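Novice: Order-wise, the sequence lines are chains A and B. According to this note's numbering, the first sequence is numbered sequentially starting from 38. According to this note's numbering, the second sequence is numbered sequentially starting from 2.
It is possible that some hints are incorrect.
As the list claims (entries may be wrong) - Label pairs and their in silico Cβ distance ranges:
#  : chain 1 : residue 1 : chain 2 : residue 2 : range
1  : B       : VAL41     : A       : PRO544    : 53 to 61 Å
2  : B       : ASN131    : A       : LEU172    : 39 to 47 Å
3  : B       : ASN131    : A       : ILE527    : 37 to 45 Å
4  : B       : ASN131    : A       : ASN509    : 24 to 32 Å
5  : B       : ALA17     : A       : GLY375    : 33 to 41 Å
6  : A       : ILE104    : B       : GLY54     : 43 to 51 Å
7  : A       : THR605    : B       : ILE24     : 52 to 60 Å
8  : B       : ILE38     : A       : LEU212    : 36 to 44 Å
9  : B       : PHE51     : A       : GLY510    : 37 to 45 Å
10 : B       : GLU153    : A       : GLY97     : 21 to 29 Å
11 : A       : GLY223    : B       : VAL60     : 47 to 55 Å
12 : A       : ARG464    : B       : ILE38     : 34 to 42 Å
13 : B       : ASN131    : A       : SER549    : 49 to 57 Å
Note that these hints are calculated values from the structure, not bench results. Since the structure is predicted, the reported quantities are computational estimates derived from the model, not experimental observations. Heads up, the beta-carbon is just placed ideally off N, CA and C, and yes, glycines get one too.
Letter by letter, the chains look like this.
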Amino acid sequence: MTVLDQPDPQAPLAPARQAAPARELTPEERRFVGWHLIVAISALMVGSLMGPLQAFEYSGVNLYPYIEPIIHSYYQGLTIHGVLNALVWTTFFIVGFTNLTTIRGLQRPLSHPWINKIGFWVMVVGLLTAAVPLLGNAATVLYTFYAPLKASWAFYLGLTLVVVGSWIEGLGFYLTLWAWRKEHRGVRSPFIALGGIINAAMWQIATLGLAASILTMLLPWSLGLIDGVDPELSRTYFWFTGHPLVYFWLLPAYVSWYGMLPHQAGGKLFSDSLARLAFWMFLLVSVPVGFHHQFVDPGVPQTWKWIHAGLTYSVFFPSTLTAFTVIASLEYAARKRGGTGLIGWVRQLPWTDPSVAAQLLAAILFMFGGIGGLTNASYNLNLVIHNTAWVPGHFHLTVASAVTLSFIGITYWMVPYLMGKKLWGPRVALVQAWVWFVGMIIFSNAMHVLGLLGAPRRTPLGEATYVPEAWNGNLLRVSIGGAILLVAVILYGLVMIRTAFGPKVAPEEVPSVPIAESIRHPQLTPVWLDRFKPWLLAAAVLLVIAYGPQLVDQILNMHLNAPGTSFTPW
Amino acid sequence: MTATDAPDRPSGEPPAEHLTMGIDPYERNWMRVSILILAVFFAVVTIGGFAMGFQVSGVSGEVDPRTLAQSEPWANPGLREVAPGEYEAYVVAQAWTFNPRVLEVPVGSKVTIYVTSSDLQHGFKVTDTNINMQIVPGQVSKLVYTFDTVGEFPYLCTEYCGKGHATMYGTVKVVADSGESASGTNGSATTAVNSSSGATTEASR
Chain A
38 MTVLDQPDPQ APLAPARQAA PARELTPEER RFVGWHLIVA ISALMVGSLM
88 GPLQAFEYSG VNLYPYIEPI IHSYYQGLTI HGVLNALVWT TFFIVGFTNL
138 TTIRGLQRPL SHPWINKIGF WVMVVGLLTA AVPLLGNAAT VLYTFYAPLK
188 ASWAFYLGLT LVVVGSWIEG LGFYLTLWAW RKEHRGVRSP FIALGGIINA
238 AMWQIATLGL AASILTMLLP WSLGLIDGVD PELSRTYFWF TGHPLVYFWL
288 LPAYVSWYGM LPHQAGGKLF SDSLARLAFW MFLLVSVPVG FHHQFVDPGV
338 PQTWKWIHAG LTYSVFFPST LTAFTVIASL EYAARKRGGT GLIGWVRQLP
388 WTDPSVAAQL LAAILFMFGG IGGLTNASYN LNLVIHNTAW VPGHFHLTVA
438 SAVTLSFIGI TYWMVPYLMG KKLWGPRVAL VQAWVWFVGM IIFSNAMHVL
488 GLLGAPRRTP LGEATYVPEA WNGNLLRVSI GGAILLVAVI LYGLVMIRTA
538 FGPKVAPEEV PSVPIAESIR HPQLTPVWLD RFKPWLLAAA VLLVIAYGPQ
588 LVDQILNMHL NAPGTSFTPW
Chain B
2 MTATDAPDRP SGEPPAEHLT MGIDPYERNW MRVSILILAV FFAVVTIGGF
52 AMGFQVSGVS GEVDPRTLAQ SEPWANPGLR EVAPGEYEAY VVAQAWTFNP
102 RVLEVPVGSK VTIYVTSSDL QHGFKVTDTN INMQIVPGQV SKLVYTFDTV
152 GEFPYLCTEY CGKGHATMYG TVKVVADSGE SASGTNGSAT TAVNSSSGAT
202 TEASR
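Bound-form chain A, shown alone:
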């Protein structure tokens, strides 16, 4: 007996009819989304090439001297790896993908396409501005840029512009949803559009911390207008943005897992209302959890750390909802395809479709990432792993697998869709997903173990002077995992380039945007799961309660007395 043996609930509404053909993206809209992907995928390729160099260093094979004229150190490579992969690849992909889910989900053009165009170009200008000091070794501060490590002002300005550009594009999405609602009173917003736009709203709230940090301290300081910064306040600002940042990465993958993957697998979304509830809960509790990144910080009272530990557990809840709904949707699909057995149905999923396989493998890795994340959130248990190799081990399962491998899976239909082509080498793409999966398991497991043994994170352990022999086997496994991942990156680049430069094909051969119908009619979902106002209000209240007192205290007691070093430390 499984969940899915019950018949579909009877909808009191007439089933949606085969209406006019879906409004697909116009060629101009496809080009616009495509530009986002070109930047995103280029960033991923360059950034990912740095990764294996770090992994090889762990077993003493330091290749950085050989590329000295271009990249000057392990740390510069690591900074480029973090900024390009975690910030540029994700942000440009997400904003591009949200354009697509908004336009295709709402079946209407952007209400003010010029706003989104401006937003995109602001992001590009920001990226180029930040790229100059990054490549010139003038911003080797890692992607967390913890003050008082002082980067070139251009780095801070560039990051600010990327964020502001994403805000402008977000504005374009809200106005478009607003216009759609005026045209469709009483109709539930289509899930894929709503999900992407909730993410944009969450991102705008979350990035206020980053904006405050850069505009009030880091930028004036790097320009020489003030002598020092308050590093603890900058940490509190940073993590105000830093944890919701991971949900900003994750939610577009969830849009696909809930709203697209079930269709690709031949099924339907199991629960429209709980899918929406999960997204609203992320809007509500993604932000007031930042102190769990500061469990070991001075200057933050234990009580606030403990409160945020509790809130971090509560943000785990929508992910457990997601686990159930996504797996149930996939089970529904697999049983329709003839799958049987308690778990034997898994074999009936379309594992030969590279887009599906990549996302399924991403979701499997995410289960381990999520469980490890609970350890990180667990207040005093966090002492065992904070600032150790466990942490990058963890986020390579989340952002580098759940998110990145899912996005890769999405590009396997999205790039052909945007360009009117067929995916080149579906088998190669399938192998790519598996190679990524295997490489990441080896890499990430070794990193987790190293963390438990006490190895610090983002440290060139090959040259570190304190490494005991007991670590060696795991350091080698990190390098092996990195080598396998390098193969996966090259295969991905190959598939993308060959697809992009392949011939145009007949329209019926071009994949369409997969949109999963929900088992239960979305009109049956309560109205409060389709309204921004109550959730935004609740989010603001919770933010004031959970962040307000400590943040105000730190701002009122601000001391701009940390000038950093008198020399360039890298």
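Chain A is fixed; fit chain B onto it per the hints.
Specialist: Same frame as chain A, but now just chain B:
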């Protein structure tokens, strides 16, 4: 085709009694179990942290990193014995060294460790212990720990602080009590030694 594909579908609310979450019974149970598990975890870390002493660092005072070298006790970092078997350790982190680089205590010592930074952010994690602190200029980090096992426990800088970061570490040496007090009532038999800035230890007496 989904509702999302049917913009021309008649709008309007269905009868109110149909507007439900429509949660599957299995999913309802799953939600209950999820909440229960999270609540149990939270209770466990709360009891461990606030009742059993497995606590994280909190607010322990501020310093001015620009005048650290002129202000006590940071001008003379090192180990001080404050009571039999009880010590205070003051450690300054700076790019790219800890001062002092060795803390030697007799086994069973209860050590209150204070760390701050004179320049950048650093990390202070003592291997195989629960001592793990972010070191932030302007702030004092503090944790209390009892060293019950003889051995050497490296403290590593766990936060990126520039090119010498990977060489930045020190060692807690926990040595066997010299014999006369197995019960640990007289820890003063062992001089609190601090090999790299030993003079400061005496200075604090």
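Novice: Against this structure, judge whether each hint is valid.
Specialist: Hints, one by one, checked against the model:
A hinted range of 53 to 61 Å holds for the C-beta pair VAL41/B and PRO544/A, which are about 55 Å apart. Separated by about 41 Å at the C-beta atoms, ASN131/B and LEU172/A satisfy the suggested range of 39 to 47 Å. Checked against the hint of 37 to 45 Å, the C-beta distance between ASN131/B and ILE527/A comes to roughly 42 Å, which is consistent with it. Distance hint check: the CB atoms of ASN131/B and ASN509/A are about 25 Å apart, consistent with the given range 24 to 32 Å.
Range check, ALA17/B to GLY375/A: about 39 Å between beta-carbon atoms, so the 33 to 41 Å window is met. For ILE104/A paired with GLY54/B, a C-beta distance near 49 Å keeps the hint of 43 to 51 Å intact. A C-beta distance of roughly 57 Å is found between THR605/A and ILE24/B, which places it inside the suggested range of 52 to 60 Å. The supplied range of 36 to 44 Å is met by ILE38/B and LEU212/A, whose beta-carbon atoms lie about 41 Å from each other.
For PHE51/B and GLY510/A, the hinted distance range of 37 to 45 Å is satisfied, since their beta carbons lie about 38 Å from each other. The given range of 21 to 29 Å is respected by GLU153/B and GLY97/A, whose C-beta atoms sit roughly 24 Å from each other. Take GLY223/A and VAL60/B: their Cβ atoms lie about 53 Å apart, and the range 47 to 55 Å holds. Under the hint 34 to 42 Å, the C-beta atoms of ARG464/A and ILE38/B, about 41 Å apart, fit the expected range.
Separation of ASN131/B from SER549/A is about 54 Å and conforms to the stated range, judged on CB atoms against 49 to 57 Å.
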